[in-house]
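Chemist: Sequence:
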Amino acid sequence: MPQRTTEWFENINFSYHEKQFKETYRSTVHFCNWLEKSEVINRECKLTIFDFASGQGANIYYMSKRYPNCNFIGIEINPKLVLIGNTFFEKNNIKNCQLIEADMLNIDGIKYPKADVIISFQTLSWMPEYEKPLQKMIDLQPTWIALTSLFYEGPISCKIQVQDYDDHLSPSIQSYYNILSIPLIEDYFSKNKYHKFNYLAFDIDIDIPKNSNGSRGTYTKKLDTGKRIQISGPLLMPWYFILASKQ
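1 is the number of the first residue of the sequence shown in my numbering; add one for each residue after it.
Since the hints were derived computationally from the structure, they do not count as laboratory data. From the three backbone atoms N, C-alpha and C, an ideal C-beta is built for every residue, glycine too. Hints should not be assumed to be uniformly reliable.
Distance ranges between label pairs, derived from CB positions [unchecked claim]:
(1) THR225 - ASN93: 43 to 49 Å
(2) LEU236 - LYS114: 34 to 40 Å
(3) PRO113 - ASN93: 19 to 25 Å
(4) VAL29 - LEU223: 19 to 25 Å
(5) SER38 - GLN141: 16 to 22 Å
Kindly produce the complete structure, drawing on both the sequences and the hints.
Modeler: If you want it as structure tokens, here you go:
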């Protein structure tokens, strides 16, 4: 199935991106905590880190403050998001972050520095298939590849297409919300010589209210056990962190 790019250029929720500059998502904080525990990164290290599908660069902005000796390069296809993000970095004198306008599925021929780490937040599940984006990351031969997305711990994947409707019930935004089998992803990495693999379920530690209009947008429900589950519209959101490496 060909990749649609319509949703990457139209109906962009700029407030979603801008909000993260002011209030870092808990998933980003927990992801960085996990990468530190996994000995991928620390506050003193000097690494070149690529962020695939970086948006306006809010995640690498947070990481640039947490890891000031690292160099962060965000790859983003939407030119408006790239312009806004780079303007923010320049205005705030952020020297170790930059966004590059490029399609992460078609980066051949573009010159980049050697990547030590490739990260990607909330992207893989929104692609029609997982192989090509993972292969593009693998082709750059970083030591580590770390992702956040929707996963399942068993040998089952779900291909989900979500259709939004406007106030007149006419079709508006359409996008994927795929849930990927962790054993399948681990096997793909292993076949590409990334033999060390780990993952962690993300248990959110804050309450998020539900949208009043019933549209998509993550909210939480607290179980009797005290654990919170995350839901967006009609869908349960099984968020995981995954890490693949050659070491």
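Chemist: Going through the earlier hints one by one, which of them does the structure break, listed in rising order?
Modeler: Of the numbered hints, all hold.
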